[in-house]
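Sequences are here, hints too, so could you generate the full structure?
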Amino acid sequence: MEDKEIISLYQRRKEAAIEETEKKFGKLLKHMAMSILRNYQEAEECVNTTYLSTWNTIPPKDPQSLVGYLGKILRNVAIDTYRKGQAKKRSAMEELPFSELEECIPERVDKVCEDKGEISKAINNFLRTLDTPSQQLFVRRYWYLDSIQALAATFNISETNAKQKLFKLRNSLKRYLEEEGIFI
Amino acid sequence: MSNEKKEFLFDAITDIEDDLIEKAYKVSLEASSRKRSFRKKWIFILAATLILGALSVVAAEYSSGTGLLSSYLEVDKSGEVIVEDMKSNINKTAVKDDIEISIINSVADSNNLYLTLSVTFPEGTDMSKAFYFYDIELIYPNGFVNEYQGMNYNLLEDDNTEDNRLYYMLTTRFEDRLPKEKLRLRLRELIYQDTKENIKVGDEIIVSKVGFKQYTKVMNSRAMINEYWDSFYAVVAADETWTFDFNLHYLDHTRAYSTAIAFSTPYNEYNISEVIINPLSISIKGYSSEHNYSFEEGTLAEAIILKDGTRIDLDNQREMVTVYDDIHLSGSFNKVIAPEAVAAVVIYGNEYPIERFKPMTSAVDEKSFLDINVFTSFLTMSYILLYSILSFRSNSTDMPGMLTLIFSFKGNSCNKILRDRKAVDIEKYKLKTFKKNKPYNIKNFTKERKKKLWALIICRIVSIVGLIFLMVMLFINIRIATKLGLIYTTLVLIDIILLVKLLYLDIQAKNI
Numbered sequence: 000m001e002d003k004e005i006i007s008l009y010q011r012r013k014e015a016a017i018e019e020t021e022k023k024f025g026k027l028l029k030h031m032a033m034s035i036l037r038n039y040q041e042a043e044e045c046v047n048t049t050y051l052s053t054w055n056t057i058p059p060k061d062p063q064s065l066v067g068y069l070g071k072i073l074r075n076v077a078i079d080t081y082r083k084g085q086a087k088k089r090s091a092m093e094e095l096p097f098s099e100l101e102e103c104i105p106e107r108v109d110k111v112c113e114d115k116g117e118i119s120k121a122i123n124n125f126l127r128t129l130d131t132p133s134q135q136l137f138v139r140r141y142w143y144l145d146s147i148q149a150l151a152a153t154f155n156i157s158e159t160n161a162k163q164k165l166f167k168l169r170n171s172l173k174r175y176l177e178e179e180g181i182f183i
Numbered sequence: 000m001s002n003e004k005k006e007f008l009f010d011a012i013t014d015i016e017d018d019l020i021e022k023a024y025k026v027s028l029e030a031s032s033r034k035r036s037f038r039k040k041w042i043f044i045l046a047a048t049l050i051l052g053a054l055s056v057v058a059a060e061y062s063s064g065t066g067l068l069s070s071y072l073e074v075d076k077s078g079e080v081i082v083e084d085m086k087s088n089i090n091k092t093a094v095k096d097d098i099e100i101s102i103i104n105s106v107a108d109s110n111n112l113y114l115t116l117s118v119t120f121p122e123g124t125d126m127s128k129a130f131y132f133y134d135i136e137l138i139y140p141n142g143f144v145n146e147y148q149g150m151n152y153n154l155l156e157d158d159n160t161e162d163n164r165l166y167y168m169l170t171t172r173f174e175d176r177l178p179k180e181k182l183r184l185r186l187r188e189l190i191y192q193d194t195k196e197n198i199k200v201g202d203e204i205i206v207s208k209v210g211f212k213q214y215t216k217v218m219n220s221r222a223m224i225n226e227y228w229d230s231f232y233a234v235v236a237a238d239e240t241w242t243f244d245f246n247l248h249y250l251d252h253t254r255a256y257s258t259a260i261a262f263s264t265p266y267n268e269y270n271i272s273e274v275i276i277n278p279l280s281i282s283i284k285g286y287s288s289e290h291n292y293s294f295e296e297g298t299l300a301e302a303i304i305l306k307d308g309t310r311i312d313l314d315n316q317r318e319m320v321t322v323y324d325d326i327h328l329s330g331s332f333n334k335v336i337a338p339e340a341v342a343a344v345v346i347y348g349n350e351y352p353i354e355r356f357k358p359m360t361s362a363v364d365e366k367s368f369l370d371i372n373v374f375t376s377f378l379t380m381s382y383i384l385l386y387s388i389l390s391f392r393s394n395s396t397d398m399p400g401m402l403t404l405i406f407s408f409k410g411n412s413c414n415k416i417l418r419d420r421k422a423v424d425i426e427k428y429k430l431k432t433f434k435k436n437k438p439y440n441i442k443n444f445t446k447e448r449k450k451k452l453w454a455l456i457i458c459r460i461v462s463i464v465g466l467i468f469l470m471v472m473l474f475i476n477i478r479i480a481t482k483l484g485l486i487y488t489t490l491v492l493i494d495i496i497l498l499v500k501l502l503y504l505d506i507q508a509k510n511i
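First to last, the protein sequences are chains A and B.
Each residue of the first sequence is one higher than the one before, counting from 0 in numbering that gives the first Met the number 0.
Each residue of the second sequence is one higher than the one before, counting from 0 in numbering that gives the first Met the number 0.
No lab work stands behind these hints: they were computed from the structure.
Positions of the beta carbon are idealized from the N, C-alpha and C atoms, including for glycine.
Be aware that a few hints might be false.
To be verified - 20 Å max Cα-Cα, derived EDC-like pairs, lysine to aspartate or glutamate:
| hint | chain 1 | residue 1 | chain 2 | residue 2 |
| --- | --- | --- | --- | --- |
| 1 | A | Lys71 | B | Glu21 |
| 2 | A | Lys71 | B | Asp14 |
| 3 | A | Lys71 | A | Glu21 |
| 4 | B | Lys5 | A | Glu101 |
| 5 | B | Lys76 | B | Asp244 |
| 6 | B | Lys22 | A | Asp114 |
| 7 | B | Lys4 | A | Asp114 |
As the list claims (entries may be wrong) - Among the chain B residues that face chain A by a calculated CB cut under 7 Å, a handful are:
| hint | residue |
| --- | --- |
| 8 | Asp10 |
| 9 | Ala11 |
| 10 | Thr13 |
| 11 | Leu19 |
| 12 | Ile20 |
| 13 | Ala23 |
| 14 | Val26 |
Pasting the structure below:
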């Protein structure tokens, strides 16, 4: 089913909307949740919360991209769950792909950007400077949280090649943020 | 760096704009479609868009199998020999609408097929366009169409940029055994892609002339526009079908092993029962105990380790799970390997040495072939001796019938082994290979093999002595002696031919 048709089901308050969402995006959302939480049960809860939240917010919202909308809700729910569960010493943030993010972050003690929106804008602008495959690679890795193997398969390149491209992208992002004067 | 900062960046990345997210989603859809559907429209265009961006290939020697493969696979010296075995020159050409397409050659093993194509365009063609086929079908003699196996479609970079010729390589991997028989390749509609901003369903696209017969195709597939690209459309450059019939040949280097590997992940428990290694890919079969496969991250089959310690990570992994929880993992190598050079496979981070696996081909069959030979030879010999004695008394003429039965038994038994034998290919036993590998050289025989060979030779000598004895015994009755002697001599000759063939099979089986 097309995304617009699913959104239309939500707008008409048809419960089939959730069923169709799960059918189309369930596996992707579970994968993303698991990548962040490393816990099957919590990932399930996180995905269910995402469905509920989507149900409660459409309408009034009318997302242009359903996958983007679902993914953003899921990432927010998952990171909240992760923060709550930090006492349990889970180490998802120490693992890939999160640990790779370190390389993208320029640091300066005297000048710290605390505006998330500003960084988001900079990242979006950075992505707009890239060619399409590089954009897709970056987003698949750090937004969809795809593994290197999955990226290699998706982009039909070797894993080594995927790692190299990501390494270059992280360095480019870091340089870009530095040039923009954004430090964390 | 603290987790807070990483989380901060994580939050910032969450707000990547929707169109970028959507674009990245589509690339994944495309990849999975490419895997699932061989014939699905547009896959080749999308795949090629990706591949062209990532792939820079120099194809120098298109007529050479090694040159062909080495254009994007590492082929070392041992690999060259294997590639030569896998290669088959096809050289079939079809011309439609002034466009000449040739299949140059194939390189194949039991699970992989590489086909090199050349497409020659008429003079004046705008060669800057990226040309692809709208639909490709590989059809087996039984009518089965290979429509679900993913096929990559690579444009090979050509040193000669002046001519109007492009080289393509079609590559596909078969989950099941690649049939070594007559195949039909059908290429339909040569197209090229173009873009235009804000294209809408139903919009008419005016196509510029590209150098040969011009077609205008209006993009009217709602699914396409919605699912993939908003500003993308295709132009049919030649609305034709090019059909090629060719025989697929390759010498099989496959090694198959039965295993009893058990391992578990946080979500599943797996049992691996079969590992099949060929020069270009590995296939791992088994079953899982749970239904949580979709939660697995990454791929389970990771790499192979060669005997010299080289680790080769698998590319293009595929993982299939049936409703019965059978799993089929597979992946290809970035170089051509000799399957016998593999020391271990790496699955879910653990190394499993091949030596612990049980070969599925040679050992049992080798024994069976020789045992049947020894048994039937003794049977023949015993019967001849027995008959000689009896015939001296009764002049019975039942011997030819009995011998026929014995040979029939031998033939059926051997055929049964051949039928049951997995991953062994009859092509392997071609006389050419036989001569090349010199398997008849007694220096190459193991002790056990030598013993069995001597046993067979003794059997034959005794049989011949038996024949002479028979002839002498029957000399008294010249009519029966002539009749039986001729029949028996013929049968012995057939038997010797069979013996040579079976020994040859046996020796070759050891090398698989």
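Status of each hint after checking the structure:
no.	hint	verdict
1	Lys71(A) / Glu21(B)	12 Å, holds
2	Lys71(A) / Asp14(B)	7 Å, holds
3	Lys71(A) / Glu21(A)	16 Å, holds
4	Lys5(B) / Glu101(A)	7 Å, holds
5	Lys76(B) / Asp244(B)	32 Å, violated
6	Lys22(B) / Asp114(A)	26 Å, violated
7	Lys4(B) / Asp114(A)	12 Å, holds
8	Asp10	5 Å, holds
9	Ala11	4 Å, holds
10	Thr13	4 Å, holds
11	Leu19	5 Å, holds
12	Ile20	4 Å, holds
13	Ala23	4 Å, holds
14	Val26	5 Å, holds
Against the hints set out earlier in the document, violations occur for numbers 5 and 6.
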